[in-house]
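Visitor: Take the sequences, apply the hints, and build the full model.
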Amino acid sequence: MTGLITRRIVVSIVVLIVVSFITFIVQSFIPGDPARAILGTTGTPQQYHELVKTLHLNEPVAVQYLEYMSHLLRGDLGSSLFNNEPVASQLLQRTPVTLSLLVPSTILLAVIGVVLGTLSVTAPRPIARIIDVFSLLGLAMPNFWLALLLVSAFAIAIPLFPAVGYTPLASDPVAWAIGLALPVAALTVAGIANVAKITRDGMLESLNSDYVRTLRASGFSSASIVWKHGLRNSGISIVTILGITFIGALSGSVYVEDVFALPGLGSLIVTATNQHDIPVIQGVALDFTLIVVVLNLITDVVYIMLNPKTRR
Amino acid sequence: MTIDEVGLADPSAKRVGREGSAGSEGSSLRGLVAGIVGRPIAFGSAIFLIAIILACLAAPLIAPYDPLHQNLSEAMMLPSPAHILGTDDLGRDVFSRLLYGGQPAFLGVLVGSLACFLVGVPLGLVAGYGGRKLDSVISAVGDLLLSIPSIVVILAILAVFNHNIAAPMATLGILTSGGLLRVVRAVTLEARDQLYVRAAKVSGLGPFRILFRHILPAVAGPALVQLGIFAGVALTLQAGLGFLGLDVPPPNPSWGNMIGEAAHVISNFPWLLVPSGGIVALTTLAFGLLSDGVHDTLSNARKAISIGTRRSTHAVRGVPARSQGAGADSEASTVEAPVLDIADLRVSFGAGKVAVAGVSLACSAGEIVGLVGESGSGKSVTSLACLGLLPGNATVTAQRLAVNGVDVIGFSERQFRDIRGSEIGYISQEPMSSLDPSFTVGSILREAVRRHEPRLDRRQREQRVLQLLAEVQLPSPEVTVRKYSFELSGGMAQRVCIALALAGRPKLLIADEPTTALDVTVQADILDLLRQLRDRERLTIVLVTHDLAVVADICERVIVLQNGKVVEQASTDDLFSSPQHDYTKSLIAATPNILVA
Amino acid sequence: MARSRDAADAREDLLELDHITVRFRGRGRGASFTAVDDVSLALHPGEVVGLVGESGSGKSTIGNVMLGLVKPDEGTITYGGRDITNVGLRQRHSAGINIQAIFQDPYNSLNPALRIGEILTEPVRLRTGASRRDASELIRGLLERVDLPADAASRYPSSFSGGQRQRIAIARALSVQPRVLVCDEPTSALDVSTQSRIIGLLSELRDELGVALLFITHDLALTRSFANRVIVLERGRVVEEGTARQVCDAPTNPYTQLLIASVPVPDPQQQRERRRQRAALASQVAQARTP
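Protein chains in written order, with my numbering: chain B, 2 to 313; chain P, -2 to 594; chain Z, 66 to 356.
Source of the hints: derived by calculation from the structure; they are not laboratory data.
Note that the Cβ used here is the ideal one computed from N, Cα and C, for glycine as well.
Facing chain B, a subset of chain P residues (Cβ under 7 Å, in silico):
no., residue
1, I145
2, S435
3, R448
Guide: Below you can see the structure in the form of structure tokens.
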């Protein structure tokens, strides 16, 4: 068991390095001169040379990368090229917002997805059909479009929820929750369909197995067979899809934050992309990757617990 | 489909000599296309996709207006004959913009899919076929790719390559190829283990030939399914990038940036959201439905066998007495009521497939009766009918079907559940796969005991579990309770299954080929155990088997089935010393006897 | 029974395995397990050698070693006098080594996506470079020989029963005229009446073609009637060998004795007697173990 965890940690470090490297290399393709771009037309030649030296712009790429990494390990992620704010503090401010969106969303889609997926197998035909249709539709709608539809319906037409804005949990929990209702809904719907589908496939396989026939032949109740035995044996594939869906939700949060003007990581990276603000992009990339890495660690631990062969 | 109908694999499809098994429908390209054409939803999706792609490609020819032509006096109009999808906030025709706007979308999907395919499929094949070291390296790379949140890399790339369609989509394709790689690898690994690949190797075929002829066809289908799913994801992502203003430079239309424009006027003119987002949703849906269609075509045969159609009930229907055919009268003693009483049982699966065509038999307490036949004889189906465990598409009728004097004709699933385990028990052919692999032996048995003896407290329940394990002569019950099924040998697993079947103290045990999968020495032990259990508990055992030697060992009476009918019934001694029916004679003659030259 | 070999041939070893040992590495932790432990056996033309054992006896592994699918960790394989231990699977063909196989699962040993004709002509064309037409001619003859209809070549495996598929597998193996045929539980998945027909077919072919058969099985009763010689394996080691009659009627090794005693016979009176004998044997074994 420790072997698997160690392996996961090693892979995680590699992933973080790879992502930082990719975003770093990408920057070197930007045409033009970053120092010039920062100073604009108002800098003196002196300031220009100072800036080039500070940013190590004249040195080989490899050296620049090592500089970057050494700063990184000290917790210094540089500053925004645009407004000079330190990247690290922006990340610290915005990560909780994104997590407020992701975590409730994931929990909801896990619960609803598993229940719907199971029901689509065990419920009478018309209900199962409806669930199938809703799943397909949910999966097909782009989440930003769904977000806009929700805003149009529940924030504009019937003003129940705010269309934009975010209230921190600490200052007003109720407003925090209400403000997140529509964004979480937009993010959750597509994920529900994925989870429901995989749950359904897993349940079908479990319920068609020899051991379920034995349980039925021994008189076990269908509730126990479905919700205890069937679900438990589908556990691994459900956890896998939850992991994949979480990563999808991470990507999706970028759009949802844009629509609802939530001050999270997604809206930060979109702005930075438009402004070619490389240090910010790198910072957010690493932050996202860190979130994924932690998620993978958690799923690995869950796998180990679910699989009796590895528990031994 | 309700839980009641969730299949039990058509029992005549098991093991010994089953006919026509899964896999050939989708295995060839022709089969795949035929499968899609035969499924209206998938076919419709395919047609829709072809139509819409062609329409967008032909936009310069068929668009009614110039997509960039503004006309502020006609801005924000709902659909009308002049503008069938209305106009946007600058008076541009929405329909024309949609046609042109599809081009970047489909270009993106194409580039992304190609990238995903070109990276995922070869790597997956090599990982699956190329040996353990290569596999672990490639799998690690694939997992790495999946761990990278694609959006950040894509945005980083877009920060450099402004307004480029191909670059971000190719990146998406490469990053997502990890998923395709995983699927291709899994299929390749499974195909590699197939006997026909082994046979090809023995014939002398080299690895490339084997990959191409034998493995690639198996991979093609699942790969297509994955690509279909990917196409939907790629389209949504491309639209998302457009939504953020990062794809085609304005004022050129793309589906994504049209949604973005709709967002700006959402308070005044929400209609604009509908065509722009709707077309993305519909196209993604079409990709998904097509992919589902391919998936269903591939797993078609398997589904047909194991799931059955969704019927509301498969209860046994009673029928009035008919004129009796061969072997109709049971030879059970009439002193006490028979433990199992079947008269004129008929079972068919759908149109034409008759499994049991009028079987009658009766067993009295403490008897061990053999139900003998080859594949297709209906022996397993008969035994499962008594438990109400046939698949949902089974039509079951009988003049009489009674277990321990209780008539089960017309029983609902709930009523069957009440008698399963408590009146009638069941053990099957594959003991290892008959125990839930995620729970310990003890856990399963405890649940069974709780079900049948709910008034025991925890300590008493534990004792009962240990007692059950001791009754089936397992050496160390306290150790066995903590084991999982994969930690048991075949013989031990079968003993556990017997303990499970007897947990509710049933009077009747159906044993369906209980020793077929066991070694011969273990078989002899299990047969001894069954005999002892019968002696001790006055258990009635119906032993379903194809092996006449087993019958000679343990059964007192034998019923021979052929093609769903009883051809002979006799005591074991009589059957072997003077068989009456030709079929019985041929069966006995064909059974090898170790004592005879 | 027609004998197609003369006395000189009878003594010549067609295929010999000497002191073969195969070890498989355990999962991850490095503990290995010995599947085949110092096994030696020899095959002669026209002979059927039965390799019997329970699960885990290593019998299938020995078959795989013979076929070149598994490389032995120790020991040598000699074919017609030549050492072929290190000849890879693909080199066997060019080295003139002709050992073919039929497997246990008829539902798995034919690629469901290919027609019978394609499945059968593949090995022939590979080995002899024959044209498609010549290969088809050959296949037609083979299909007839194994009692399958002529139109079988244009059909898919799914339209055939288990017994018919085994016949196709036999035809495939014979298409390249093997000297040795490894039969790995070829009838275990078949009905008993189909089984006897397949065994009959194998007997005929053995007599006609002088092919040597390694008949791997767990079914001792079948072995006694079909095999000339029998080798009994327990956990990778040979515990007894001899003629089929010797081993089955008068086994000397205690494991073999218990094994034979456990085989039921389709005769209730005889079987009652055998049960008594087995019980006596088992208690002897138990007594011998207790100090």
